[in-house]
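*Asks:* Sequence:
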Amino acid sequence: QNTMEFLTDINSFLDCSSLLYRAKQQPATPCGPNTGSLSQTLGQFKGPVQYTAWKDMKSFLNIDLPRVTLDPATAHPCLVLSEDRTRVRDGPLRRPLPDTPARFDFCVAVLGAGAFAAGRRYWEVEVGKKPAWTLGVVHASVSRKGKIHACPGKGFWVVRLRGGAELMAKDTPPVVLRPQALPHRIGVYLDYEGGQVSFYDARGMSHLYTFS
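Be aware that the sequence shown starts at 30, since it is given in our numbering, and climbs by one per residue.
In case anyone wonders, no lab produced these hints; they're calculated from the structure. Misleading hints may appear alongside valid ones.
[Unchecked claim] DSSO-like mimics (lysine-lysine), calculated; alpha carbons at most 27 Å apart, straight line:
1) Lys176 <-> Lys159
2) Lys174 <-> Lys159
3) Lys158 <-> Lys176
4) Lys159 <-> Lys183
[Claimed, not checked] With beta-carbon atoms standing in for the labels, derived distance ranges:
5) Phe135 <-> Gly182: 14 to 24 Å
6) Arg191 <-> Asp134: 31 to 41 Å
7) Arg191 <-> Ala169: 19 to 29 Å
8) Arg124 <-> Gly157: 17 to 27 Å
9) Gly223 <-> Ala169: 27 to 37 Å
10) His213 <-> Gly120: 22 to 32 Å
11) His213 <-> Pro130: 18 to 28 Å
12) Gln209 <-> Thr129: 41 to 51 Å
13) Arg191 <-> Arg232: 26 to 36 Å
14) Glu112 <-> Glu222: 21 to 31 Å
15) Pro125 <-> Arg214: 14 to 24 Å
16) Leu126 <-> Pro202: 32 to 42 Å
17) Arg118 <-> Arg232: 28 to 38 Å
18) Gly148 <-> Gly120: 26 to 36 Å
For each residue, glycine too, the CB sits at the ideal point set by N, CA and C.
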């Protein structure tokens, strides 16, 4: 079965150093470089336009996106999940949790519990002013053990921030992103059938990067 899984929900706060969501599908194959330039506008990626309109309506319709919970069985032992499993933060100590095949043991990461087999979806993740984070889409079959080389050929479609300044799309080769301001809230748009994962600064829906 081909499914997509996201890691957290629109209201979650990113307090950990790494955030991912997963895809259960065929073995990962190398993905080509971004097909467009970083100057491409939202209008050239027509899928998320409906979510821009939705966000404009949200303020007076009192509606929200569905919540997605985290999967504690995948969480690195240093991570602490909120009681409702919609938020995650670094803990003070590495907890003595079972070292199961599903659990990350080196990469400080956690996966989402929800699964998606088709369609288009959009999420937002609050990263705030954290100096380091990673978020995106991964194959469910990615390695959870040891040091991980995050790239499309290994089943990772992610962006990351390091040192509070360097924003990068982990494509092949990696692409340094230079938005006018660092985003504090990231929009992630998935077109499953179209094979597209796009990232946006959710404040104004300005395009950051697209894997396709």
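*Asks:* Evaluate each hint against the coordinates.
*Replies:* Here's how the hints hold up against the structure:
1. Lys176 <-> Lys159: holds, 22 Å
2. Lys174 <-> Lys159: holds, 25 Å
3. Lys158 <-> Lys176: Judged against 27 Å, a Cα distance of about 26 Å means the pair holds.
4. Lys159 <-> Lys183: Judged against 27 Å, a Cα distance of about 26 Å means the pair holds.
5. Phe135 <-> Gly182: 14 to 24 Å: At roughly 19 Å between Cβ atoms, Gly182 and Phe135 fall inside 14 to 24 Å, so the hint holds.
6. Arg191 <-> Asp134: 31 to 41 Å: violated, 21 Å
7. Arg191 <-> Ala169: 19 to 29 Å: Roughly 26 Å apart at Cβ, these two residues keep to the hinted range, so it holds.
8. Arg124 <-> Gly157: 17 to 27 Å: holds, 24 Å
9. Gly223 <-> Ala169: 27 to 37 Å: Because 20 Å falls outside the window, the suggested range is violated.
10. His213 <-> Gly120: 22 to 32 Å: holds, 23 Å
11. His213 <-> Pro130: 18 to 28 Å: violated, 35 Å
12. Gln209 <-> Thr129: 41 to 51 Å: Because 43 Å falls inside the window, the suggested range holds.
13. Arg191 <-> Arg232: 26 to 36 Å: Violated, at about 21 Å.
14. Glu112 <-> Glu222: 21 to 31 Å: At 36 Å between Cβs, range violated.
15. Pro125 <-> Arg214: 14 to 24 Å: Violated: the Cβ-Cβ distance is about 34 Å, outside 14 to 24 Å.
16. Leu126 <-> Pro202: 32 to 42 Å: Holds, since Leu126 and Pro202 (Cβ atoms, about 35 Å apart) stay within the stated range.
17. Arg118 <-> Arg232: 28 to 38 Å: violated, 23 Å
18. Gly148 <-> Gly120: 26 to 36 Å: Between Gly148 and Gly120, where Cβ atoms are some 35 Å apart, the hint holds.
Figure legend: structure checked against the earlier numbered hints; hints not met, in rising order: 6, 9, 11, 13, 14, 15 and 17.
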